[in-house]
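Assemble chain B onto chain A, guided by the hints.
2 protein chains.
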Amino acid sequence: MALRHYTLDVCLSTPVDCDSTVRGLLSIFHEQEMTETVHDTDGHGCLATFVGKKGRVLVLRVHSQGLVTIDLQCYEDDNIVQLDNILNALEKKLKVLLDGNIKRIKRLPPLIRGAEVDRYWPTADGRLIEYDIDRVIYEEDSPYQNIKILHSQQFGNILVLNGDVNLAESDLAYTQAIMGSGKESYAGKEVLILGGGDGGILAEVVKQKPKMVTMKVIDGCKMHMRKTCGNILDNLKGDGYQILVEDCVPVLKKYVQDGKTFDYVINDLTAVPISTQPEEDSTWEFLRLILDLSIKVLRPTGKYFTQGNSVNLTEALNLYEEQLEKLSCPVGFSKEVVCVPSYLELWVFYTVWKK
Amino acid sequence: MALRHYTLDVCLSTPVDCDSTVRGLLSIFHEQEMTETVHDTDGHGCLATFVGKKGRVLVLRVHSQGLVTIDLQCYEDDNIVQLDNILNALEKKLKVLLDGNIKRIKRLPPLIRGAEVDRYWPTADGRLIEYDIDRVIYEEDSPYQNIKILHSQQFGNILVLNGDVNLAESDLAYTQAIMGSGKESYAGKEVLILGGGDGGILAEVVKQKPKMVTMKVIDGCKMHMRKTCGNILDNLKGDGYQILVEDCVPVLKKYVQDGKTFDYVINDLTAVPISTQPEEDSTWEFLRLILDLSIKVLRPTGKYFTQGNSVNLTEALNLYEEQLEKLSCPVGFSKEVVCVPSYLELWVFYTVWKK
Numbered sequence: 009m010a011l012r013h014y015t016l017d018v019c020l021s022t023p024v025d026c027d028s029t030v031r032g033l034l035s036i037f038h039e040q041e042m043t044e045t046v047h048d049t050d051g052h053g054c055l056a057t058f059v060g061k062k063g064r065v066l067v068l069r070v071h072s073q074g075l076v077t078i079d080l081q082c083y084e085d086d087n088i089v090q091l092d093n094i095l096n097a098l099e100k101k102l103k104v105l106l107d108g109n110i111k112r113i114k115r116l117p118p119l120i121r122g123a124e125v126d127r128y129w130p131t132a133d134g135r136l137i138e139y140d141i142d143r144v145i146y147e148e149d150s151p152y153q154n155i156k157i158l159h160s161q162q163f164g165n166i167l168v169l170n171g172d173v174n175l176a177e178s179d180l181a182y183t184q185a186i187m188g189s190g191k192e193s194y195a196g197k198e199v200l201i202l203g204g205g206d207g208g209i210l211a212e213v214v215k216q217k218p219k220m221v222t223m224k225v226i227d228g229c230k231m232h233m234r235k236t237c238g239n240i241l242d243n244l245k246g247d248g249y250q251i252l253v254e255d256c257v258p259v260l261k262k263y264v265q266d267g268k269t270f271d272y273v274i275n276d277l278t279a280v281p282i283s284t285q286p287e288e289d290s291t292w293e294f295l296r297l298i299l300d301l302s303i304k305v306l307r308p309t310g311k312y313f314t315q316g317n318s319v320n321l322t323e324a325l326n327l328y329e330e331q332l333e334k335l336s337c338p339v340g341f342s343k344e345v346v347c348v349p350s351y352l353e354l355w356v357f358y359t360v361w362k363k
Numbered sequence: 009m010a011l012r013h014y015t016l017d018v019c020l021s022t023p024v025d026c027d028s029t030v031r032g033l034l035s036i037f038h039e040q041e042m043t044e045t046v047h048d049t050d051g052h053g054c055l056a057t058f059v060g061k062k063g064r065v066l067v068l069r070v071h072s073q074g075l076v077t078i079d080l081q082c083y084e085d086d087n088i089v090q091l092d093n094i095l096n097a098l099e100k101k102l103k104v105l106l107d108g109n110i111k112r113i114k115r116l117p118p119l120i121r122g123a124e125v126d127r128y129w130p131t132a133d134g135r136l137i138e139y140d141i142d143r144v145i146y147e148e149d150s151p152y153q154n155i156k157i158l159h160s161q162q163f164g165n166i167l168v169l170n171g172d173v174n175l176a177e178s179d180l181a182y183t184q185a186i187m188g189s190g191k192e193s194y195a196g197k198e199v200l201i202l203g204g205g206d207g208g209i210l211a212e213v214v215k216q217k218p219k220m221v222t223m224k225v226i227d228g229c230k231m232h233m234r235k236t237c238g239n240i241l242d243n244l245k246g247d248g249y250q251i252l253v254e255d256c257v258p259v260l261k262k263y264v265q266d267g268k269t270f271d272y273v274i275n276d277l278t279a280v281p282i283s284t285q286p287e288e289d290s291t292w293e294f295l296r297l298i299l300d301l302s303i304k305v306l307r308p309t310g311k312y313f314t315q316g317n318s319v320n321l322t323e324a325l326n327l328y329e330e331q332l333e334k335l336s337c338p339v340g341f342s343k344e345v346v347c348v349p350s351y352l353e354l355w356v357f358y359t360v361w362k363k
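Protein chains in written order, with the numbering used here: chain A, 9 to 363; chain B, 9 to 363.
Since the hints were made in silico from the structure, they are not lab data. Computed from a prediction, not measured in an experiment: that's the story for all the values here. Incorrect hints may have been included.
A pair counts as met if it fits within one copy or between any two copies, since identical chains are not told apart.
No more than 20 angstroms apart at the CA atoms, straight line, and that leaves these computed lysine to aspartate or glutamate pairs for DMTMM-like [as the list claims (entries may be wrong)]:
id, residue 1, residue 2
1, K362, E192
2, K114, D172
3, K217, E99
4, K304, D25
5, K111, E124
6, K62, D48
7, K191, D133
8, K114, D133
9, K62, E329
10, K191, D126
11, K62, E44
12, K111, E147
13, K261, D25
14, K215, D247
15, K343, E124
16, K311, E333
17, K111, E148
18, K103, D25
19, K334, D92
20, K111, D142
21, K235, E344
22, K191, D50
Okay, chain A solo, but in the shape it has when bound:
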């Protein structure tokens, strides 16, 4: 079962008489056989609630400072035309009642609440976003995270990890950005990929005939992200690549110990943490540990690529850049802002090198 939640807001340029506005709308509610309750708000404008047929509930608030809000909740199978007509009638009447004082009338697409398929996946910078998701392809709780693969009409299958949109089949732009935006040649090179469980990076890198790609990953998306990974995840070892399903920290430490180095290290493990208190947050410590080990296994001419976060999260990005100054080996870096189709926000990618 699901509900539709409609809103209708009228912003005014002057204060408004609350009681007469509510009274002026009553005939519309009565026509709809809605029963009203008028509440005592202790001086915070007028509040009236209405219960109608078929489980319809309407909340009307009139704020004397100059705002009228209406919420109309109904069941998903209710008659949409009837509901639109109620809102149209209310809007029309409010235009008459508040004639000349209206700054803005806003009706949003209805919120769908409690639906089988959840379409609301906020951006990293915390904005409300409704995706065109029509079905759940896969869902599982691994020991590390909640993994969902959701189908979007326009973006194809989308990998969602712990509620964050991670990668969609439309997002070749992500893979290209984290590989250096077409400015690098991987032919004959030794490449280390950390994370990248969707297989997109590996699939693109092997096209360029590298000497050897080593990828460390927890688990794959080989079933449901085929447009992204092709058949590259079907075998753990192939021509020019190997996939190690294990924790990357001990392996990186072993590489450092053995003096093993790479031309490219691509870190696709996680975004820059949003927490702005790095000293209290173990995710920042983990990030710095990986970063430090990765730079250690980088050849002097090598490059380290990673994603940052939403371009709007400037504090988190600044903190990441501060971490770069604290590594055991001095580094330089550059960044690029990229439009990844399914993210619905611009994303920052970093290139880091040894100075």
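For chain B alone, coordinates are given in the frame of chain A:
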């Protein structure tokens, strides 16, 4: 004045006892000094409304089929930490009360209602989207449309016409797509641009030293979209281009009459109408008129470029393609799906040529 509207929804895998769920939460409301009203819903679950201090209003609905919804409205300057704590307490208590039956708990970023700067601009396919808009740069009602220029932290200034996001300073991808995605050379060519009031297309075309670009436009964005148009709109006539501020239909008719033709016609006037009843909709007639005249002024080897609409609006796109079969001269067409950063949905662009 503005309100924050928080939601907390709990979806259940089994039916729920409404009364005991409401009763189980009452102590939290009483701690918050909220006064309750329990409503008669005529058998559609439980509905209780609560009025608290500082104008806080909470609506609790428990649907016996297995859904609990909570709406909490407060003024924008209310204490966010306190409100989070109320929602945290309710969520925690619901987890205890509904232990083992919970399929999903969802808290969305709060809706901001009645704010000075409106951040909600739905996509063409009708999805709810919150933009990172922080200020209004410009607003005016022209005889033709409502024109807004809004500032987004990530996309720069955004041109919004009649509530539709039209173009942002981040959207070079739009201009490139409607110019043929880099596959055309405009050097020495004669080009006709219809619309394009933001100046983006003109600015890009003149870089390629065309023979002459003629642009028909109603009014410009030269003040506030400088990153898009540069200084190209400062003069109506320049080296290799002229801007005609007039209605394009009579001018196109005159071109047809005089036998004037172009290598490229770029129609940036409007998107494909969403209405799926073309016979009843004059916008479709207008579109077909412009299209027919445009194809008439196209040289045999010429190309006509235009935007379509959201990739999800398949019916509207199909109708457009049907129009293409009804022109006075037979045409072929191809289409491309492009990610325009500020649109937050994939967009279809068309190339049309004479057969």
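Each hint tested on the structure:
1. K362 to E192: within (17 angstroms within a copy, 41 angstroms between copies)
2. K114 to D172: between (29 angstroms within a copy, 14 angstroms between copies)
3. K217 to E99: Classified as neither; 63 angstroms inside a copy, 52 angstroms across copies.
4. K304 to D25: Answer is neither; intra-copy 69 angstroms and inter-copy 59 angstroms both fail.
5. K111 to E124: Close across copies (10 angstroms), not inside one copy (37 angstroms); limit 20 angstroms.
6. K62 to D48: between (27 angstroms within a copy, 13 angstroms between copies)
7. K191 to D133: This pair counts as neither: shortest intra-copy Cα distance 29 angstroms, inter-copy 36 angstroms.
8. K114 to D133: between (24 angstroms within a copy, 17 angstroms between copies)
9. K62 to E329: neither (56 angstroms within a copy, 42 angstroms between copies)
10. K191 to D126: neither (39 angstroms within a copy, 40 angstroms between copies)
11. K62 to E44: within (15 angstroms within a copy, 23 angstroms between copies)
12. K111 to E147: Between copies only: 12 angstroms across chains, 45 angstroms inside a chain, cut-off 20 angstroms.
13. K261 to D25: neither (71 angstroms within a copy, 55 angstroms between copies)
14. K215 to D247: within (11 angstroms within a copy, 46 angstroms between copies)
15. K343 to E124: neither (40 angstroms within a copy, 34 angstroms between copies)
16. K311 to E333: Classified as within; 16 angstroms inside a copy, 53 angstroms across copies.
17. K111 to E148: Between copies, since 13 angstroms is at most 20 angstroms while 48 angstroms is not.
18. K103 to D25: within (14 angstroms within a copy, 42 angstroms between copies)
19. K334 to D92: neither (58 angstroms within a copy, 35 angstroms between copies)
20. K111 to D142: between (36 angstroms within a copy, 18 angstroms between copies)
21. K235 to E344: between (25 angstroms within a copy, 18 angstroms between copies)
22. K191 to D50: Answer is neither; intra-copy 64 angstroms and inter-copy 66 angstroms both fail.
The structure fails to meet hints 3, 4, 7, 9, 10, 13, 15, 19, 22 from the earlier list, while all remaining hints are met.
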